[in-house]
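K.L.:
Between the sequences and the hints, there should be enough to build the whole structure, so can you do that?
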Amino acid sequence: MDFSSFVTGTDLRLIAPMAIVASMGVAVLMLEVFHKSDASRKYIAWMSILGLGVAGLDSAYLLMRGAQHEAFGGMLHIDSFALVINLLIILAGILACLASPAYLASHRIDRGEYYSLLLFSAVGMMTMGAAADLFTMFMGLEMMSIPIYCLAAFFRHSSRSAESGMKYFILGAFSSAFLLYGIALIYGMTGTTDLEGIRVEMAAGGFFVQGNPVDQLATLPALAMILLIVAFGFKVAAVPFHMWTPDVYEGAPSSVVSFMSTAVKTAGFAALVRVFVVGFFDQPARLSDTGWLVVFFWLAILSMALGNVVAIVQTNVKRMLAYSSIAHAGYLLVGFVAASHSAENFEGMQSVVFYLLAYTFATVGAFAVLAYFGKRGEECTTFDDLAGIGTRHPGAALAMTIFMLSSAGIPPTAGFVAKFYVFRAAVMTGSTEFVVLAVVGVMLSLAGVYYYLKLIVSMYMKTARREVTAIGGVEMKMALVICAAATLFFGIFPSMGLDLAKTSVHGIIGAPPAVKAALASPAKATVKLELEPTAEP
Amino acid sequence: MLSQYVPLLWLLGLAGAVVGGILTATTLLGPKKPSKTKNAAFECGSGSIGDTRQRFSVKFYMVAITFIVFDVEAVFVIPWAVVSKSLGWVGFGAMGVFLVILTLGLVYEWASGGLEWD
Chain Y
2 MDFSSFVTGT
12 DLRLIAPMAI
22 VASMGVAVLM
32 LEVFHKSDAS
42 RKYIAWMSIL
52 GLGVAGLDSA
62 YLLMRGAQHE
72 AFGGMLHIDS
82 FALVINLLII
92 LAGILACLAS
102 PAYLASHRID
112 RGEYYSLLLF
122 SAVGMMTMGA
132 AADLFTMFMG
142 LEMMSIPIYC
152 LAAFFRHSSR
162 SAESGMKYFI
172 LGAFSSAFLL
182 YGIALIYGMT
192 GTTDLEGIRV
202 EMAAGGFFVQ
212 GNPVDQLATL
222 PALAMILLIV
232 AFGFKVAAVP
242 FHMWTPDVYE
252 GAPSSVVSFM
262 STAVKTAGFA
272 ALVRVFVVGF
282 FDQPARLSDT
292 GWLVVFFWLA
302 ILSMALGNVV
312 AIVQTNVKRM
322 LAYSSIAHAG
332 YLLVGFVAAS
342 HSAENFEGMQ
352 SVVFYLLAYT
362 FATVGAFAVL
372 AYFGKRGEEC
382 TTFDDLAGIG
392 TRHPGAALAM
402 TIFMLSSAGI
412 PPTAGFVAKF
422 YVFRAAVMTG
432 STEFVVLAVV
442 GVMLSLAGVY
452 YYLKLIVSMY
462 MKTARREVTA
472 IGGVEMKMAL
482 VICAAATLFF
492 GIFPSMGLDL
502 AKTSVHGIIG
512 APPAVKAALA
522 SPAKATVKLE
532 LEPTAEP
Chain B
174 MLSQYVPLLW
184 LLGLAGAVVG
194 GILTATTLLG
204 PKKPSKTKNA
214 AFECGSGSIG
224 DTRQRFSVKF
234 YMVAITFIVF
244 DVEAVFVIPW
254 AVVSKSLGWV
264 GFGAMGVFLV
274 ILTLGLVYEW
284 ASGGLEWD
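Chains as they are written, first to last, in this note's numbering: chain Y, 2 to 538; chain B, 174 to 291.
Since the hints were derived computationally from the structure, they do not count as laboratory data. One or more hints might be untrue.
Computed cross-link-like contacts, BS3-like style, restricted to lysine-lysine with a CA-CA straight-line distance of at most 27 Å [what the hints assert, rightly or not]:
no.: 1; chain 1: Y; residue 1: 37; chain 2: B; residue 2: 232
no.: 2; chain 1: Y; residue 1: 463; chain 2: Y; residue 2: 478
no.: 3; chain 1: Y; residue 1: 517; chain 2: Y; residue 2: 376
no.: 4; chain 1: Y; residue 1: 463; chain 2: Y; residue 2: 376
no.: 5; chain 1: Y; residue 1: 517; chain 2: Y; residue 2: 503
no.: 6; chain 1: Y; residue 1: 168; chain 2: B; residue 2: 232
P.N.:
Set out below in structure tokens:
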């Protein structure tokens with residue numbers, strides 16, 4: 002057998018963005034270990050940014066060349082979807098690296114391993130975004146998660162941070178087990194782990210166990226899909242798999258949370274699109290009573306409801322943002338289910354990608370502002386701590402205001418456009434349930450406005466109880482300026498982001514033929530709203 | 174086909190019944206005369222000198238992790254060595270990359286003092 006065809010030059014060329022980031026991660030580790038222990042590690046941060054930047058430029062180059070390739074014998078799909086997800090992850094990575102050096106130095110945890118772990122995690126996320134096989138997906142998920150567990154516990158002398166890392170690790174290990182069990186069941190039913198192959202097998206006459214059609218075992222595929230939903234629901238922090246989120250976000254260093262709240266969610270949603278749209282799009286996997294569309298529909302409602310309601314009573318801004326990130330998972334799921342409603346509506350998936358873009362800027366920025374205050378293991382994260390910073394640190398307060406407005410979905414910020422397109426996708430399906438879903442979503446996001454504005458009120462209209470120390474740092478300020486500017490830019494000129502999202506959605510290699518055909522036909526311009534109950538699943 | 178395993182099931186049930194029966198019988202029938210000496214924890218005749226749960230030094234974990242790393246290396250390298258000829262230069266290159274990454278990991282561990290006992 003000739004194995005030389007398994008790895009070709011083209012394969013290596015296509016994974017160059019991942020390879021660059023991984024090599025830089027190893028290089029950073031070597032830099033750290035031969036580093037004089039008291040000197041500043043700012044250059045390590047810049048090396049990481051360089052690596053991520055080159056990988057980002059390469060992804061953009063491949064994207065502009067219109068790269069649509071299968072790599073490594075169909076284990077990875079380097080298509081425009083994977084490349085746009087690469088860009089989003091790299092963006093979150095670069096912004097987190099910018100926010101880190103001053104923060105790490107002031108909390109005396111300035112170690113090069115931090116950047117190394119961040120880069121390795123980014124490689125795993127990119128693998129998830131490009132995965133065309135359940136095993137590549139699993140490998141990417143583990144590669145993403147393990148460094149993140151370590152990063153969550155990076156305050157080595159804080160028991161809070163250790164608890165955060167431990168909690169995330171144990172629950173994350175459980176969710177990985179769920180994923181593996183789901184993969185095993187699917188492999189048992191279809192005889193393949195290739196996502197396209199799974200769809201073909203399932204469409205070709207139902208589900209097979211040892212050659213026998215097992216209509217009576219329709220619970221088996223449902224069980225397998227439920228297990229996968231648990232695993233990915235955990236990663237994107239959707240209710241009811243959200244328990245870890247507030248504790249982990251509260252204990253972990255703010256600069257880490259800025260990365261893990263955004264990039265992990267991006268990778269998780271990329272995985273959802275890959276697995277459920279490529280693997281399980283066909284009926285009855287999607288539309289039966291036990292179909293995944295129904296499950297995600299309810300997950301979306303629960304996430305939006307619980308996230309927004311519980312966030313209201315929080316006194317700690319990090320916990321508030323954690324619940325808000327649960328709510329954002331709900332909005333993203335609205336876009337996801339709406340786009341998966343039927344092949345004709347798949348165009349709506351671009352709202353998810355655009356939402357992720359808007360969410361990345363606003364959330365990395367918000368956590369960067371939290372990282373901006375405090376020193377030596379003491380973070381200033383309660384509403385009282387941040388009271389009155391509007392007059393003392395007007396720049397940071399202004400940036401935070403922009404991020405909060407974007408999270409609340411108020412124009413002219415990117416968050417508004419993102420929410421608009423997500424709910425538009427729901428309404429465009431024309432089915433009553435989805436219109437109700439959109440209405441519920443809008444109402445719950447109104448509830449969300451309360452706690453976002455509460456922070457703004459606290460910053461500008463309350464007097465400070467105590468003096469907060471600002472960390473400063475050129476890189477940190479750069480991160481804040483970039484996030485704020487981008488949030489406004491994509492709010493006022495969203496077309497660039499929307500075009501990017503559209504390109505990504507149109508280029509999913511393994512997408513079902515019906516979806517591809519619907520995407521190829523010109524987009525519907527009108528909303529077909531049917532108020533009569535239709536023959537829905 | 175599965176019927177040949179039925180005796181195993183019988184054995185399992187029988188073992189459970191015997192153990193359960195004896196334990197129940199001794200609990201119900203045996204005489205009970207507790208005393209202070211009888212209820213004390215027995216440790217080879219001498220009094221206990223402390224908690225059995227003690228914290229281990231992290232050094233032991235370092236040794237364990239190092240062992241696992243090289244164990245896994247062997248798992249990959251030995252099968253590769255067996256078929257290295259048919260894998261050709263591509264296989265050689267892939268294994269080279271793997272070993273370089275592993276070596277850099279060792280360099281990291283060594284240089285940051287993970288191999289020193291004190």
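K.L.:
Each hint: holds or not?
P.N.:
Each hint tested on the structure:
no.: 1; hint: 37(Y) x 232(B); in the structure: holds (23 Å)
no.: 2; hint: 463(Y) x 478(Y); in the structure: holds (24 Å)
no.: 3; hint: 517(Y) x 376(Y); in the structure: violated (53 Å)
no.: 4; hint: 463(Y) x 376(Y); in the structure: holds (23 Å)
no.: 5; hint: 517(Y) x 503(Y); in the structure: holds (13 Å)
no.: 6; hint: 168(Y) x 232(B); in the structure: holds (24 Å)
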